[in-house]
Each structure stands twice: as structure tokens, then as C-alpha cells.
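Here is what each chain is made of, one letter per residue.
2 protein chains.
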Amino acid sequence: MKYVLGAKCVKCGKEYPAVPSLTTCACGGILDIQYDYAAIRRDFSPRELARNPDCSMWRYRPFLPVEETTPPPPLRVGWSPLYRADRLGAELGLKRLYVKDDGLNPTASLKDRASAMAVAKAREAGADTIACSSTGNAASSLAGNAAAAGLSTYIFVPSRAPKGKVAQLRIFGATVISVDGSYEDTFELSRAAIDRWGWYNRNAAINPYLSEGKKTVTLEILEQLGWQVPDFIALSVGDGCTIAGAWKGLKDLHSAGFIDRLPRLIAVQAEGCCPLNRAIQTGKPWQPMEENTLADSIAVGVPRNPDKALAAIRESNGLAVNVSDEEILDAMRLLGRTQGVFGEPAGVTGTAGVKKALELGLLSPDSTVVSIVTGNGLKDVHNGIRAAGEPMLVKPSMDALLSAFAEHHITPKERNSLL
Amino acid sequence: MKYVLGAKCVKCGKEYPAVPSLTTCACGGILDIQYDYAAIRRDFSPRELARNPDCSMWRYRPFLPVEETTPPPPLRVGWSPLYRADRLGAELGLKRLYVKDDGLNPTASLKDRASAMAVAKAREAGADTIACSSTGNAASSLAGNAAAAGLSTYIFVPSRAPKGKVAQLRIFGATVISVDGSYEDTFELSRAAIDRWGWYNRNAAINPYLSEGKKTVTLEILEQLGWQVPDFIALSVGDGCTIAGAWKGLKDLHSAGFIDRLPRLIAVQAEGCCPLNRAIQTGKPWQPMEENTLADSIAVGVPRNPDKALAAIRESNGLAVNVSDEEILDAMRLLGRTQGVFGEPAGVTGTAGVKKALELGLLSPDSTVVSIVTGNGLKDVHNGIRAAGEPMLVKPSMDALLSAFAEHHITPKERNSLL
Chain A
1 MKYVLGAKCV
11 KCGKEYPAVP
21 SLTTCACGGI
31 LDIQYDYAAI
41 RRDFSPRELA
51 RNPDCSMWRY
61 RPFLPVEETT
71 PPPPLRVGWS
81 PLYRADRLGA
91 ELGLKRLYVK
101 DDGLNPTASL
111 KDRASAMAVA
121 KAREAGADTI
131 ACSSTGNAAS
141 SLAGNAAAAG
151 LSTYIFVPSR
161 APKGKVAQLR
171 IFGATVISVD
181 GSYEDTFELS
191 RAAIDRWGWY
201 NRNAAINPYL
211 SEGKKTVTLE
221 ILEQLGWQVP
231 DFIALSVGDG
241 CTIAGAWKGL
251 KDLHSAGFID
261 RLPRLIAVQA
271 EGCCPLNRAI
281 QTGKPWQPME
291 ENTLADSIAV
301 GVPRNPDKAL
311 AAIRESNGLA
321 VNVSDEEILD
331 AMRLLGRTQG
341 VFGEPAGVTG
351 TAGVKKALEL
361 GLLSPDSTVV
371 SIVTGNGLKD
381 VHNGIRAAGE
391 PMLVKPSMDA
401 LLSAFAEHHI
411 TPKERNSLL
Chain B
1 MKYVLGAKCV
11 KCGKEYPAVP
21 SLTTCACGGI
31 LDIQYDYAAI
41 RRDFSPRELA
51 RNPDCSMWRY
61 RPFLPVEETT
71 PPPPLRVGWS
81 PLYRADRLGA
91 ELGLKRLYVK
101 DDGLNPTASL
111 KDRASAMAVA
121 KAREAGADTI
131 ACSSTGNAAS
141 SLAGNAAAAG
151 LSTYIFVPSR
161 APKGKVAQLR
171 IFGATVISVD
181 GSYEDTFELS
191 RAAIDRWGWY
201 NRNAAINPYL
211 SEGKKTVTLE
221 ILEQLGWQVP
231 DFIALSVGDG
241 CTIAGAWKGL
251 KDLHSAGFID
261 RLPRLIAVQA
271 EGCCPLNRAI
281 QTGKPWQPME
291 ENTLADSIAV
301 GVPRNPDKAL
311 AAIRESNGLA
321 VNVSDEEILD
331 AMRLLGRTQG
341 VFGEPAGVTG
351 TAGVKKALEL
361 GLLSPDSTVV
371 SIVTGNGLKD
381 VHNGIRAAGE
391 PMLVKPSMDA
401 LLSAFAEHHI
411 TPKERNSLL
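Here the protein sequences line up with chains A and B, keeping their order.
If you're matching positions, the first sequence starts at 1 in this note's numbering and goes up one per residue.
If you're matching positions, the second sequence starts at 1 in this note's numbering and goes up one per residue.
Next comes chain A alone, as it looks inside the complex (with noise of 0.2 Å):
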């Protein structure tokens, strides 16, 4: 690992070597890997990267904590599409804005970026065996990517799970505990099952490469723009180890020289699960929180990387934000009818921020944002017909359509133009 310096615990500062099986500082803080910045400027630039055919995360290889030995694991992860939303932000009001869907991940998820490093790492590590706890996307995709590599997987989910993140982790083949309790209990379980019996640790609030997977998002949304920089990037938390990634990603950038500012962070909870928001906005240290949201992702009550999260938003100058679930319903709506994206309640959440952030006034309209889509809606169908209601049924008759389209005040548009 040419560029990697080491590991530093974000509480105490000890350093410690980037062995690949790295947990937590023996002081209790989550450790983060430390890189060669002046190195990589030397070897690296926006110019050799735009000669790379490789349409994945691993295109960034100089800013990530693996081997050079090590190759990427199986699915393609990452270089998911950036789309310019001009609908959606002329329906919100907002000169520019940008939707980056990476509910379009091998198993429809953000997280693919954390659990394809966790695979590398665990390779690395001559492990066979790994395990995490999660509301369901690091699970599934966990569970994706080991399976794809070969590796055995335990997972621990919360029971209120949604059905497609569970049949995901049946069908990739991983021994499945579904926790009758909160985040918190599963969590806990799964921390005493790794202790006991070892199996290398995907928890990402433990594991401190995981962050430097999901980094990769704010690498590729950089290159995307062409390396100009937004005003601002929207995206939801939970757990605070996506945002905690989301902003490394953007130093790294910065003090490789390959962008000259650095853009604000909006951080978007729940308004019934918003524990590190409100520690922003009371200026008060974070205090545990009921778990009461449909947005089952970030339904997380008691937050595993509060240190490194709350220090992203800080440092960015960012916003933070809170929607109600009706508000998150909304943005589900709005995405699919306005740009084509079908994200899940956690995976809008950003966008519904933004939203919310321009109606509060926190957010000028002439500003430049990107919203990260962190998850695919059909993930959680349940609330996808929630949002949108169930479609009209109809017998197979020109009469039956006639009545169904008069009884829902629907006027058939006629073709536009002699074709």
C-alpha cells in the first residue's frame, strides 16, 4: 500500500499500522487511515485518471487501503451514473442540481462500496468468514459481494428489515440472524458473536476501511463534474459512517491537489431518528433517540460513528436537516415522476432535504447540488406503493378502460402531432 501511512484514532490520536484485520483504537475511537497526499499528487492526477477504462470504484486505487496484489472483488461496484436533474430542481426551485443513483450497485445499494473493501480486506486478511450487523443494506450487500468472492457470511438485521433486503441475504446464500429488537440489540448480538468466535468484522463503525470504500462516491461525483466543485452534496445518516466517508473522500481530493475548495455537506435525518443532527443543532454532545421512521436504513437510534460524522458536518460548514416521513414519501414521488429514480425512503432522504432546506431558506436557490440517491426503491416496495398508491384495475374492456378513466377524471392525452 504505497500511499497508506497508517491508521489514527480520531479520539486520542495513537497511530497504529494498517494491518488488514484493523479494529477499533484500544482507547474506544474509531481509527482513520492516514495517506501519502504529496505522494499521490506526484504519481496521480485528474488527467491520468481520465485515461482509465475502469467503470468502478477501483479506478481510484491510489486512494484506497488495499495491496496492489490485491485484485478487486468480483462485482462491479461503483461508477454509478450522476444525472443532471433540471426537472426535479425546476420543481424545487434550484438552479443546478445533480442526483447521483447509487441504488444502481450490483446489490442496489451505497453500500456495495463498504463491502466490497470489507471483501478485499477479509482477502487480505486470509479470512473465510465475515460478519456485520446492519439495518439491511450493508447486510445485503455484504452478502452479495462475499458470496460472489467466495467467503462464508453471518448477518444480523433487526427484524423490521424490509423483504428485499432479506431475500437478498437468503438468495446470496448468508446464515441469516434476524434480531427481534432494535439496531441497538442487533448490533450488541453481533459484536459478542464476532468476539466469540472471531469471523473478521465488517461493522463499519469498527472496521475503519469500510469508510474509505464508501469514499468513493464523492471521488466519482468530483470526476463527474469534471472536477468542478458544488456548493453543496445532500445525502442521508444513519449510523454517520456514509457521511464520515462521503466527506473523506472530498480531503483526499483536496490534498491530492485535485480540487481547490471543498463543497458543504447537507446531513438529512429522520425527524423521529435524528440524534446526530440534533447534536449539531443544539450544540449539545448527541443523545440516544427512539428509533421512529419508515426509513428503515437510518432508523438507527444510537449512531456507531457520532465522533467521525459529526466532525464531517462540522468541518464542511454543512447544513442539517430534518424531514418527516411525509416528507420522504414526497421525495420518493418526486424523484421517480420528475427524473426516472425509484429510491428508497432512506435513498430520497437527501433529496428531501434539499427540499426542506430551500424552504427553510438554509439553501439559496442560485446553488450548485448534488443529492445522493443511497439506495433502490425496490428495496422496500411496501413503502414504494405507499408512496404512490396502487393502480387502477380495470377488465379487459374498451368500455371497463372508458369508465376507470372517467372514474379517476383522467383525460387521455391524444397523439400531439400527425405522425
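You may find that some hints are simply not true.
Identical copies look the same in the list; a pair holds intra-copy or inter-copy alike.
[Unchecked claim] With a straight-line Cα cutoff of 20 Å, these simulated SDA-like cross-link-like pairs (lysine to any residue) come out:
| id | residue 1 | residue 2 |
| --- | --- | --- |
| 1 | Lys95 | Asp231 |
| 2 | Lys95 | Pro365 |
| 3 | Lys356 | Thr368 |
| 4 | Lys413 | Gly198 |
| 5 | Lys413 | Arg123 |
| 6 | Lys413 | Arg191 |
| 7 | Lys163 | Glu390 |
| 8 | Lys163 | Ile385 |
| 9 | Lys251 | Glu315 |
Derived from the structure by calculation, the hints contain no laboratory data.
Bear in mind the structure is a predicted one, so any value in this text is a computation, not a measurement.
Using the hints, position chain B against chain A.
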């Protein structure tokens, strides 16, 4: 359209100019788009293609029937991953197997390729409204691709369509008509409505441009294989449009000198609904069948594109293989467990057919085979759970976990090495 000569009826041979709103021949036959392959060969080469950074189906523009000035529709369709599937190949006893995961398209199925083409051609036609009937995937892909382009859609699906596909349709803002009848009933009602209101027609068996979009799947496979021709390409067959498109792509490459021989197709249908394969197997004209399979996307009792599909199978000296619903569910588990790919039932039917063909001795273990997964399993979570079962439910304590492991005969793997 520099390289398009026109359209020709596959039944009577009548020729038509390639106007954007082209439908079927006056004789009822389906049209096929004709190209000037000598000109393509003169202007375009694998080497030039290798330099194209476009990671989407539009990298193959010289092979596509769109005006040079028509912008690609907004969603990024195509360039799905082709995985070398050694683990699955070993389980099946096949020397070289590849899996093309076309569930990694924007709305999670291969149909995005056709819908993107429909949106491009509807724009050329100046239409603002598109309609189609579909077992589900063509519908949701049209709804998503059209929404992103700001076009309205009227979509007809049989009421049996899985929840995931219906949720997509609703979220994308389509006017959805759920028809209480078979796919045949659904198709006929959509035809009557399109006749009445004059919408742009995205029924793949009527609009000849759509299989030109679908063919990009085989253009990609061959490029991803470095133009090394596999022995077989396996895929599921319903209406017949996809296999017709796949074959068209292969013939295009052959005619333009990109490949020097043609692979054979493996056409896989469900035992309970295999009118096209039955025609191949018996040598008789095809006959309607009941739609008796859980693989909803290929439950097509009256295929709408029999001529092109049967010609594709015959011209390629292809295999026609039927599989049971149990074999389809087994293929879902196999692909998930060995390769981390989660396909919907019809999506994995091609793979089920590869296994079956090996078992029947139709396929030599020495063959090189590509299996196309045509849709994501998240679209049909119900059958995912049916294939793989529910997870174990455990109270949040180590004692409860140990009991559950014992009950399920699970002996947790210990750490395999000192890390």
C-alpha cells in the same frame, strides 16, 4: 441515420423508409431495420470502439437506428457487467461460464435497452405520450425512461404483475391500467387504446426499433469478451423480442466484420408456457399455451414476435430447453450463492436452462457459455423468499443465538487463522 437503409418486412419482404413512428407491415408482418454494413465496416472498428469512454448502450451508435442529432435519453442504460462465473461453472460442471447481469440497468431489467430506444424515437417523432402493454419489465422501464425525459406514459399490465414492478410504475408517475386478465387480454386492450388515442407505440412486437435497442446486450457481451465468440448464449424467452434482438446484434457484428463466427442461442422457456420452444421441438407451427409459470415476465401464452424469435433460434442452430418452476427457483439460489447475482425468476431462467441442457447432454462441458440475467430479483421479492426461505428469528441474547444455531444445525465457523 447514416447507416440505416430502411425497414423490411420479415414475412413478405416489403420495404419501408425508416420513419420514427414505424409500426408493422401492411401484411401484418414485423419489420426489421436494415443497415449498410459495408459502410459501418469502413467507418467503425473494435479499435475505435475501445477508445469510446461512453459506458452505456449508446457507445454503439453506428449500429443504432437513431438520428445523429438525437440525444441519448437521460437514464444511463446498458454496459452492464459481464462476470466470469467460475464458481457457478464448477458447480454445473461447465468449463467456461459467464453471467451478464442485465438487472443492473436503471429500472433493473434488460428492457431498459428497448425503452431508451423508444424514448429516443418518440422524441424524433415529436410525440409527448408513449404507451405499451407488458408483463411488467417493459412497462416499468418505459415509465422510468419516459419520466426522465419528461414524456407521459399509459401502461397496461396484467394484474398478476409482481408488486415491485407495479411500485416502479406508480413511482415513475405513469398512468397504470392493471388489467384483470391474461397478458393476451392486456396486449389487446393496449392495442385498442393506442389505436383510439394515437399514442407512440412501445409494444416491442409492433415497433421495429425496440429490438434494435435490445440487441445492444449482445454487442456488449462480445466487446466484453474481447470479440472472442462464445459457443452459446443462453436467455429466457417470452414474447420473443429479446432473443430476436440478441440475434440481430450478433448478426450485425458478423456482417460488419467484428466477429468471424456466430454463437448458438439457447432459448429457455418455462415448461408451463413454452409455445415457441414447442414449435422448435416438434417442427410444427407454434400454438398458444396457458400462462402457467411463476416466471411472470415470460408467461406469454401468445408470443407477439414468433417469426423473428423462431428464425433466431433456427438460424443460430440453437437449443430449445424447457425448465420447471422448481428448476427456476433453484437457479435463483445457485446464482445468488455462487456469484452474488440476484435475478428474478424469468431473469435466471436462462441459467436454469444451461444447467438443464448440461444434464440432458445437449451441451458439452467443454463449451464456453454466456448466460444473460434479464431482470433483478428485487422486482419479485415474493418469489425470492419462496426460493430461499425466511431467516431465523432470534431474541437479542447470546443464549438465544446459541439455541437458534443448534436448532438450525449450524456450527459457527471459528476464525480460520490468527489475524
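Results of checking the hints against the structure:
Taking the shortest Cα distances, lysine 95 and aspartate 231 sit within 20 Å of each other inside one copy (12 Å), while across copies they are farther apart (52 Å). In the homo-oligomer, the alpha carbons of lysine 95 and proline 365 lie at most 20 Å apart inside one protomer (6 Å), although the nearest pairing across protomers, at 58 Å, exceeds that limit. Taking the closest pair of Cα atoms, lysine 356 and threonine 368 come within 20 Å of each other only inside a single copy of the chain (16 Å); across copies the shortest separation is 54 Å, beyond that limit. In this assembly of identical chains, lysine 413 and glycine 198 lie within 20 Å of each other by CA distance solely across copies; the values are 9 Å between and 63 Å within a copy.
Taking the shortest alpha-carbon separations for lysine 413 and arginine 123, only the inter-copy value of 16 Å comes in at or below 20 Å, while the best intra-copy value is 57 Å. Taking CA atoms no more than 20 Å apart as the test, lysine 413 paired with arginine 191 passes between copies only; the shortest distance there is 15 Å, against 58 Å inside one copy. Taking the shortest alpha-carbon separations for lysine 163 and glutamate 390, both the intra-copy value of 19 Å and the inter-copy value of 9 Å come in at or below 20 Å. For the identical chains of this complex, lysine 163 and isoleucine 385 are neighbours both inside a copy (14 Å) and across copies (8 Å), given an alpha-carbon limit of 20 Å.
Taking the shortest alpha-carbon separations for lysine 251 and glutamate 315, only the intra-copy value of 10 Å comes in at or below 20 Å, while the best inter-copy value is 57 Å.
Hint compliance for this structure: every hint is met.
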